Amino acid sequence: MKLLKKSIITGTGIPVRGNDIDTDRIIPARFMKVVTFDGLGAYAFYDARFDEKGNPTDHPFNNPVYKNAEILIVNKNFGCGSSREHAPQSLARWGIKGIIGESFAEIFAGNCTAMGIPAVTTDEKSTAELMDLVTNNPDLALTINIEIPEIRIGDKTFPCTIPPSKQAALLNGTWDSTEILLKNKEQILKTAARLPYMGGFSS
Amino acid sequence: MKENLLNKVWNLHKVAELDSGTDQLFIGLHLIHEVTSPQAFAMIRERNLPVLFPERTFATVDHIVPTDDQSRPFKDELAEKMMEALEKNTREYGIRFFDLTTEHQGIVHIVGPELGLTQPGMTIACGDSHTSTHGAFGAIAFGIGTSQIRDILASQTMSIQKPKVRKIEMTGKLPDHVYAKDIILKIIHDLGVNGGLGYAYEYGGDAAAKLSMEERMTICNMSIEGGARVGYFNPDQKTFDYLKGRKFAPEGAAFDNAVSFWKSIASDVDAEYEDTYHLDISHLKPMVTWGINPGQSCSIDETLPLLKSLPEEERETAVKAYSHMGFNEGDPILGKKIQTAFIGSCTNGRISDLRIAAAIVKGKTISSTVRGLVVPGSKSVARQAEAEGLDRIFTEAGFSWRKAGCSMCLAMNADKLRGNEISASSSNRNFIGRQGSPTGRTLLMSPAMVAAAALKGYVTEITL
Ligand code: SF4
Numbered sequence: 001m002k003l004l005k006k007s008i009i010t011g012t013g014i015p016v017r018g019n020d021i022d023t024d025r026i027i028p029a030r031f032m033k034v035v036t037f038d039g040l041g042a043y044a045f046y047d048a049r050f051d052e053k054g055n056p057t058d059h060p061f062n063n064p065v066y067k068n069a070e071i072l073i074v075n076k077n078f079g080c081g082s083s084r085e086h087a088p089q090s091l092a093r094w095g096i097k098g099i100i101g102e103s104f105a106e107i108f109a110g111n112c113t114a115m116g117i118p119a120v121t122t123d124e125k126s127t128a129e130l131m132d133l134v135t136n137n138p139d140l141a142l143t144i145n146i147e148i149p150e151i152r153i154g155d156k157t158f159p160c161t162i163p164p165s166k167q168a169a170l171l172n173g174t175w176d177s178t179e180i181l182l183k184n185k186e187q188i189l190k191t192a193a194r195l196p197y198m199g200g201f202s203s
Numbered sequence: 001m002k003e004n005l006l007n008k009v010w011n012l013h014k015v016a017e018l019d020s021g022t023d024q025l026f027i028g029l030h031l032i033h034e035v036t037s038p039q040a041f042a043m044i045r046e047r048n049l050p051v052l053f054p055e056r057t058f059a060t061v062d063h064i065v066p067t068d069d070q071s072r073p074f075k076d077e078l079a080e081k082m083m084e085a086l087e088k089n090t091r092e093y094g095i096r097f098f099d100l101t102t103e104h105q106g107i108v109h110i111v112g113p114e115l116g117l118t119q120p121g122m123t124i125a126c127g128d129s130h131t132s133t134h135g136a137f138g139a140i141a142f143g144i145g146t147s148q149i150r151d152i153l154a155s156q157t158m159s160i161q162k163p164k165v166r167k168i169e170m171t172g173k174l175p176d177h178v179y180a181k182d183i184i185l186k187i188i189h190d191l192g193v194n195g196g197l198g199y200a201y202e203y204g205g206d207a208a209a210k211l212s213m214e215e216r217m218t219i220c221n222m223s224i225e226g227g228a229r230v231g232y233f234n235p236d237q238k239t240f241d242y243l244k245g246r247k248f249a250p251e252g253a254a255f256d257n258a259v260s261f262w263k264s265i266a267s268d269v270d271a272e273y274e275d276t277y278h279l280d281i282s283h284l285k286p287m288v289t290w291g292i293n294p295g296q297s298c299s300i301d302e303t304l305p306l307l308k309s310l311p312e313e314e315r316e317t318a319v320k321a322y323s324h325m326g327f328n329e330g331d332p333i334l335g336k337k338i339q340t341a342f343i344g345s346c347t348n349g350r351i352s353d354l355r356i357a358a359a360i361v362k363g364k365t366i367s368s369t370v371r372g373l374v375v376p377g378s379k380s381v382a383r384q385a386e387a388e389g390l391d392r393i394f395t396e397a398g399f400s401w402r403k404a405g406c407s408m409c410l411a412m413n414a415d416k417l418r419g420n421e422i423s424a425s426s427s428n429r430n431f432i433g434r435q436g437s438p439t440g441r442t443l444l445m446s447p448a449m450v451a452a453a454a455l456k457g458y459v460t461e462i463t464l
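Note that the protein sequences, when read in sequence, are chains A and B. In this text, residue positions in the first sequence follow our numbering: the first is 1, and each later residue adds one. In this text, residue positions in the second sequence follow our numbering: the first is 1, and each later residue adds one.
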């Protein structure tokens, strides 16, 4: 299967402020009663977007100025909690193609890479500035350059970081890992053979 | 010989180094459930890939099962659909499924250990963040996403970065009415909800050696709430005794061979760690969360923190927490009213948890303003509890005694908080909306504390 190399992501931004936004917030469990990821975009941040009576709140995901946004900007420890890939899937299906934040929970960041969505980190000050820039001018295009790596908005640039393994996976187009793993089939079988429990501890 | 368990197990299971710089790791035991697996099966089907080692994957159903009427088809059509998908996928690919018709069904992290599937020195993965539970046996166990479930089905391996190892050195003796749950809540309180990012937590020290297997599971279970994807204890005689005679544990001579292997993978006495954190458990008190993440907790004799006393970066979340919870800084945690009491989950739904809670409510009745729910973690826990008469103690006290599943831990079935109810809960997450009502509120605590709170209708000290 043909894999997509990702080096530059461009789009307008959408800020979602707050630390420790967990995956239950990103997609409440009741919307996970599905056997495919299709259609999950409608439920992204659902309980933050609608109040008890179902009235829309002022959450950025409800704000028409961000309707076509593709780059999400968040604060610390984004995506903590449950391992559900439904969370990045719902963001992706809403239209998000890249995420900038101060820090990400590990399983969430891994899920993003596995889907080909870069999650890059910036420091607190840059994040705050990026959020303000996007809030004041939602039409400004943002670019995440994964190779350098850096973020560009208007005539400003901000340094960002991405773990080297995730950077390599996105740049080489090897973020869809199944095929790559299966290339080492012989070593897989060899490893299995040396594990004492695979043979039922018979010797 | 300065290796810790993580390094030894990692090296043994490392298949290759990948171009991306991560390791390709062989997964000895893959556990699946109905919520995170269907899309993974769809992906391998789409690519026409077989399951490479179907005998190394085991399935159970837990998140969506009703805990009252379990007859099929389920009343909830979506739940029924998910159940059917798992039935079809396991049948088609030759995977063992402990479904509702078997005697082994239960929460995935309770079923693995109780069947002896979970063993020291293994790598274990499951599309569920609380897979860290299995580390109690000296396995390296972690939660994964759906794309990685696909990878493991297809190749029995996954791409992963090796974590650093932090030793959590525990000393002292656990005071009365203080439990494993309080230890882990305290660790998360001290190190923070993201303090463990990039780390595996190795729990050790004299106090760790004294903990039972079930207590170890409670602690490893919540490692992920502190940001550590992996938490583990070194295997010891307690581990071996627990495993002996279990359905999937080796028998006879093979068991002895297994024990030698299990001993060999334990951390060396002079093993090296990235860093060490010390905790004297002798002065611990029961812990209760007051906020919207598991790090926002205090001991029962404390008052809720003043915003100005918190580090700058924690204030914003604390403000949000107080507004969601309807609490004020400086409030005592004792006396906070509850409307629901939930005993269960993969953190505290094992037989020892039910025994402790039953001892507290025995011969008493819960407050008329409290709805109490006891949900055993597995069918086997339920059978044992019923054999000991614990179910009757609970029902006589006014609790409802349910069938095994995740239930109100995440409320994907019909068990949900209503409106802005406050729940005293033995589960692991107090995130906004976690227990099924967007405005619902959760106070995490030990099962003993939940039982005590249920009797009084508010957070209170444990009395027997
Ligand atoms: S009991 Fe709760 S935390 Fe454990 S597996 Fe079920 S939903 Fe997840």
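Treat the hints as calculated values from the structure; they're not laboratory data. Note that the structure is predicted; figures quoted are calculated from it, not measured. By construction, the Cβ of each residue, glycine as well, lies at the ideal position given by its N, Cα and C atoms. Treat the hints with caution; some may be incorrect.
Claimed, not checked - Computed beta-carbon distance windows for the label pairs:
| # | chain 1 | residue 1 | chain 2 | residue 2 | range |
| --- | --- | --- | --- | --- | --- |
| 1 | B | 274 | A | 155 | 38 to 44 Å |
| 2 | A | 128 | B | 330 | 28 to 34 Å |
| 3 | B | 48 | A | 49 | 35 to 41 Å |
Hint by hint, here is what the structure shows:
1. Separated by about 41 Å at the C-beta atoms, residue 274/B and residue 155/A satisfy the suggested range of 38 to 44 Å.
2. Between residue 128/A and residue 330/B the CB atoms are about 30 Å apart, so this pair conforms to the stated range of 28 to 34 Å.
3. One distance hint, 35 to 41 Å for the beta-carbon pair residue 48/B and residue 49/A, holds here, with the actual separation near 39 Å.
The structure shown violates none of the earlier numbered hints.
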